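Numbered by this note's numbering, the letters in the sequence shown go through residues 1 to 187 in order.
Don't read these hints as lab results, they were simulated from the structure.
Predicted model only: the values in this text are computed from it and were never measured.
A portion of the hints provided could be inaccurate.
Ranges between beta-carbon positions, derived for each pair [unchecked claim]:
#1 Thr-103 to Leu-62: 25 to 31 angstroms
#2 Lys-39 to Glu-67: 14 to 20 angstroms
#3 Gln-94 to Pro-117: 22 to 28 angstroms
#4 Leu-52 to Glu-105: 33 to 39 angstroms
Here a beta-carbon is modelled for each residue, glycine too, at the ideal position from N, C-alpha and C.
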Amino acid sequence: IHFVSSIANLLCILFQNSEIIHVQQQQHTLLHEKTKLDKELELSREDLLHTLHDLEKLNQSLVENEENLKAIFESTSNVLLLCDSKGGIEFVNQRTLDVLGYTPEELIGQSVQLLVPFPFLEKHKVHMEQYIKAPSTKKMADFREVKIMCKDGATLSVQIALSYVKSSQGIKVLCTISDVTELIQKT
Numbered sequence: 001i002h003f004v005s006s007i008a009n010l011l012c013i014l015f016q017n018s019e020i021i022h023v024q025q026q027q028h029t030l031l032h033e034k035t036k037l038d039k040e041l042e043l044s045r046e047d048l049l050h051t052l053h054d055l056e057k058l059n060q061s062l063v064e065n066e067e068n069l070k071a072i073f074e075s076t077s078n079v080l081l082l083c084d085s086k087g088g089i090e091f092v093n094q095r096t097l098d099v100l101g102y103t104p105e106e107l108i109g110q111s112v113q114l115l116v117p118f119p120f121l122e123k124h125k126v127h128m129e130q131y132i133k134a135p136s137t138k139k140m141a142d143f144r145e146v147k148i149m150c151k152d153g154a155t156l157s158v159q160i161a162l163s164y165v166k167s168s169q170g171i172k173v174l175c176t177i178s179d180v181t182e183l184i185q186k187t
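Please model the complete structure; the sequences and the hints are all you need to start from.
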């Protein structure tokens, strides 16, 4: 009986040791997994910081590019209009405001048709629709025939060059307009 009791105690101790070993193995596995996750988290944190830094640099670059583009637009002696594919005016330069007498608020969001003298409205609408279907970089018709209307109702003879950009928001049309009124009056 004593022998059986000793064996039972031994088996109990072995079972407990086996449980302890099993728990220790689980703890070791969990500790290993935690260490691995901590390293991945640290790498992810570093990647995130690098990505954030890259995004900040990209944003700064975009801001600088936008400022440069605006400076170029503002430095030209031509009237510049940027329109969407439906003829909505999205951007004008200072020269546009000076020559035509409008404020930015009076032009941005308005149809470019606002600047077309009444007798040419229908013809302009057709030309605009055709241009959007097959955009290209080109000059418009003979400048003696092309007019633009100022805020005060006066009309100017102009030469207009069109160019376009395909963007995620559709086609954008850049109208570069030169006042040739004086040139026509001299001829």
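Hint by hint, here is what the structure shows:
For the pair Thr-103 and Leu-62, the beta carbons lie near 27 angstroms from each other, so the given range of 25 to 31 angstroms is met. At about 42 angstroms, the CB distance of Lys-39 to Glu-67 disagrees with the hint of 14 to 20 angstroms. For Gln-94 and Pro-117, the hinted distance range of 22 to 28 angstroms is satisfied, since their beta carbons lie about 23 angstroms from each other. The given range of 33 to 39 angstroms is respected by Leu-52 and Glu-105, whose C-beta atoms sit roughly 37 angstroms from each other.
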